[in-house]
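Asker: Residue-level listing of the chains:
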Amino acid sequence: MSSAYQTLEHDVPQSYRDKILKWNGWGYNDSQFAINKDGHVTFTGDKYDISGKVMPHFRPWFENYLGIDLNYVSPAQKLSDVVIDAPVENEDLIDFLKENNISFSNSARIRLMRAHGHTVHDMVNLREGKIPRLPDVVVWPKTEQEIVKIIEGAMSHNCAIIPIGGGTSVTNALDTPVTEKRMVISLDMALLDKILWIDRENLTCRAQAGIVGQSLERQLNKKGFTCGHEPDSIEFSTLGGWVSTRASGMKKNKYGNIEDLIVHLNFVCPKGIIQKQCQVPRMSSGPDIHQVILGSEGTFGVVSEVTMKIFPLPEVKRYGSFVFPNFESGVNFFRDVARRRIQPASLRLMDNDQFVMGQALKVASDSWWASLKSSVSKMYITSWKGFKVDEICAATCVYEGSREEVDQQEERLNKLAAEFHGVVGGEENGQYGYRLTFAIAYLRDLGMNHGVLGESFETSVPWDKVLSLCRNVKELMRREAKAQGVKHPVLASCRVTQVYDAGACVYFYFGFNARGLADGMHVYDRIETAARDEIIACGGSISHHHGVGKIRKQWMLTTNGAVGIALLKAIKSELDPANIFANANLIDIIGSPHCKL
Amino acid sequence: MSAPSQTGRQINFPEYTNFLDHLQEKGGPFKFVTAHKRFPVGSKVGTAPKARSLAEIRKSVLESPRVMSVISEETLRRKCAPEDVKNEAEALLDEMSHTFNLLNVRSFGYAVCKAMEKLYDGIFVNEQKLLEIREISKTNSVIFMPSHKTYFDFLLLSLICFQYDIQLPAIAAGQDFMSMKFMAGVLRRSGAFFMRRSFGTDQLYWAVFSEYVQTHVVNNDRTVEFFVEATRSRVGKSLHPKYGMLQMILEPYLRGSAYDIVIVPVSMNYDKILEEKLYAYELLGFPKPKESTGALLKAREILNNPHGSCFLTFGDPISVRDHFGVSLHRNTFVCQPDSQFVLHNQAKLEIKKFAHHVVELHNKNAVITVWSVACMVILQTFDRDDQATLSYSGIYSGVEDLITLLNQLGTIVNIQGNLDKNLRYYLHMHADLFEPFDVTSDNFQLRFIDFPVDHEKQGVPIKVMERAVSRLILTTYSNGMIHAVDSEGIICTILLHNGIRDLAKVRDEFCWLHELMKREFVTIPGELPQLFEKSLKILTSSGILMTSDDGILEILDQKKANILSKLVSPYFHNIEIAFGVFSENKPMISDLGELVGTVQKNISDAYQNRLPNTRLSFLSTEPIKNAFAALTDFGIFEKSSSGMRTNFAKLHQVKHRLANFMKSHDFSKL
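Going down the list, the protein sequences come from chains A and B. Counting in this note's numbering, the first sequence tops out at residue 597, every number present. Counting in this note's numbering, the second sequence tops out at residue 670, every number present.
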């Protein structure tokens, strides 16, 4: 990495972000999919179940489903070759930080690590060495008071602030607007990572907003509790990030989404600190101020501390799985589960493409599908039950509770599944499905090494429109890819990941081999935009839990209406009149440099 | 291949192939209908292809959220048992459903093929489009929207689908067929389903029928066919479209249950329409013979007369997704549950425009025959002298001149071989209109025969009626070319008669006249200014008009402008007479029926008094009804509890404005 400016630093902390995370891909440095010397796909490192294992079925899948030639590689640029521009200077601010003994650094790598999230754009830029506008200095507050100080400094010395939690955003929320002329401070919450107290009487816990999910959960588990919130990004995302994006957890059926889990929080903004006077389960005191903060995506200020509910660790946690003849039966089953309100902690349905992909990712020893091929159960599924291999799909679930509760839930669900032609698939397959979730995030990096561009995105949709939305969006991605000149088969797949009383959350996976296209990213963008338009046209939402960031701003007006947007703008101008929190997420503020009006 | 801006088609191989030749090659009708077929199995997007049984289709309708929801609503409203309503829904479904069965299609097809062979010299189709449609139909619902001039339309279309291995359409047919017990059964088994003419507020019927139609669209079981004009046009030109069925068909796309729907406009043109005489009687106001199997069988003698050719031109398939992509935002519908889907007004307007657009495509792709031009020429000859004797050479030169002018305007008239041969071919084919003549001699005289009429009608003498029949038939055929010149004719009429020259004012008058005539000449609502620009461009590029820099229109070719004006002016004279009667009537009328007879009598009187600009064909009830409907649109007939009240002030304004274009200058002497 080369940069031609003098590094200014003070009391720089040792951070996991700079030590053990990839600089241009997902997750830990040591963990990735790779091709071994026998030409098989394997997973490196020692952090996951599949680490060190070989997946003999994956290569054929990869080659057939996406038209990949593994001999063709599109290597990423080396970190040493990346050129980083000098930051915007602001001596006054640097002096202010020093005076107040606040940790900071403007070293090139530290800035780079906090300049992006994990959209396909972010990754392509890093891999190709196209470095966008970076924040100019990174600061690490150690206390809430220091956050207040930093905001003060930013206001007096004409700077902008972009807070960062785990950095797992997939909405370009962390990107620094290119038009921003002020010095941009990246407010890294990494040092605010402590649990402040646990209240066993009320079953609540107060923690600092920078605490990473897995650390919070591990500490709570040790004491016999769980926070119940388990987003797929839990390894890296933070409590503050969950609040500011309105995150959703896998087990929301039992514990609720982040908005259901929060009892109290502190929010620091340029006008001061927002904080309720009491910590109560519910109150009627006008519109709930928490709802203004939830999903504000760093545009008004930053979350500093949160009190959330905790729960005693369940006696039993058990996985389950079902196989359905087709996606429609699966969705109908889910709808009925929601109607009867018998959803277990988590319930997910994958379509045929994902089912097949999941089977392909099985490690040599326990490939269920492979063993099914010759076994009685395969006979049972395909011949006896008449399931077709190219229509079959699978559901996985997690039961949590007392043994009695779990037994009961399981029995009820198994019975209902049978009514929808479902076949019970066993606990092992259920557990496998959830483990896979963590691995899948690494998969895109392997794809990118071989010319694949891919992304996942999600939405929420009423029950009566689930099937048509899934069908149409997948079809649109396939047709649009073809129309845009993509020569190879396209991965267009979806899963239903949450059930609600009134609808569901649907997750799409989209990937294609961009080899041979003049501008693969342009093609990708057109398809993703068309897919979101289609989602909205079919009755889906702008996002279920990823948020808006900058990537989905164009749909905010249709989503909330002109008056709704005016209200958000009014809140912004009241809380942050000088636009210090200038990440430009959600909406464009008139008068700010990135506004097109 | 014809350029996109052209109107009319020339029938040439290889663009068009003759189905009857295929039939011969295959070894005749029997071999044709028994041939092994590979119809693509319909599939909806995202699921494997699957042929549904009739029982499955039925089940999907009865178990649809919409039907179930209406059943429970009706149960509450009628205070009866749910089974009663459910049984009624099942009975309705039985009444409307097709019972498609390929074996039956094959046997019925045999009879149809035999008849076609006997009737026609050729059945021409633009084959390439059909191959294209077959491919599309594998993954998209295909909806055929043919023009509608005869019962043969749907028989022919199904036959052609069979030939090209396209799933035979489920055909929306009017319920009046159901009185023909035997035929109704045959048609049902061939894929026709039946809709009531009106089912306004019957919620249950509406729910069952729309689910029935939509289940076909959503699941792409078969192609679907319906007539946007709703009924057969008896007048040889397009009828004002109806929108209900189109809305129903498009709904699955709008609410996302179909990824896309592909519309195929089909222009169906005939050298000789089987029902031509029936239509003429019907238009004169004699009660329409009920469609009975017996009547059809009697029609067998018709089979022994030559009927020339028919021409099926399949238009470019229109993806509804592409067409409405920018004008209709599906996201405005998503707040309503699928089972309670309602279209908002903007959506209805866009769908209306689309219906008109399809009619426009019917016309653009229609084959204009030499016979149609000849009928126009003959009628104009009668305008000069109603007792004129027609000579072949006179008709020939008139036809030749008019074709030359049409070509200049970018309109193609289909001429097979040379014009002389072609014209004689048509005269021979339509010889039943004339007293015997020798079509082979160099020149010959033509005299129309009178067709028998039972009794006189409200003061119109039998003699006049008898003469009128052939005039109505002629008008039906001459109408087959009017869409090519209607707008150009209107512009020339405005310039010649009104003295307006200013471009903007001419445009205003143009739009007003077209609005008034929207049932005679189908145009796209809201797009008249564009139509004006287009027509003006045609007139200027063919050297008939010019526009000066300061926006003044000038006629360069007085003679041609005059001819064009005279092509359309009879349509205006026709409604003008009707307006005259309406304005002299009592202020309250119960319905139009009251007035038709009076208008006909006035026309008959004017004709007998040899008043200028009066044609016998004006006796047709169709333009009278259109005139009435136009005035109703203009708010001149206001509905009240005791009938229709006439707003005479408004009516006089309209009459006055129209009269400006109808001043009886006789420019033919210029």
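Check the hints yourself; a few may be wrong.
What the hints assert, rightly or not - Which residues of chain B face chain A? A partial, calculated answer using Cβ under 10 Å:
#: 1; residue: Gly46
#: 2; residue: Thr47
#: 3; residue: Pro65
#: 4; residue: Pro252
#: 5; residue: Arg255
#: 6; residue: Ser327
#: 7; residue: His329
#: 8; residue: Phe333
#: 9; residue: Cys335
#: 10; residue: Ala504
Treat the hints as calculated values from the structure; they're not laboratory data. Quick reminder that beta carbons are idealized off the backbone N, C-alpha and C, glycines included.
Asker: Does each hint fit the structure? Answer for all of them.
Answerer: Structure-based check of each hint:
Taken as an interface hint, Gly46/B checks out: its beta carbon lies about 4 Å from the nearest beta carbon of chain A, inside 10 Å. Hint on Thr47/B holds. Least Cβ distance to chain A is approximately 7 Å, under the 10 Å limit. Because the smallest distance between the Cβ of Pro65/B and any Cβ of chain A comes to about 7 Å, under 10 Å, the interface hint for this residue holds. Checking Pro252/B against chain A: minimum C-beta separation of about 9 Å stays under 10 Å; hint holds.
Evaluation of the Arg255/B hint against chain A yields a held restraint, the C-beta minimum of about 8 Å falling below 10 Å. Among the interface hints, the one on Ser327/B is violated; its C-beta lies about 13 Å from the nearest C-beta in chain A, farther than the 10 Å criterion. Using the Cβ-Cβ criterion of 10 Å, the hint placing His329/B at the interface with chain A is satisfied: the shortest such distance is roughly 7 Å. For Phe333/B, the shortest C-beta to C-beta distance to chain A is roughly 8 Å, which falls under 10 Å, so the interface hint holds.
With a least beta-carbon distance of about 8 Å to chain A, the hint placing Cys335/B at the interface is held under the 10 Å criterion. For Ala504/B, the interface hint is violated, since its Cβ never comes within 10 Å of a Cβ in chain A; the closest pair sits about 36 Å apart.
In terms of the numbered hints stated before, the structure departs from hints 6, 10, listed from lowest to highest.
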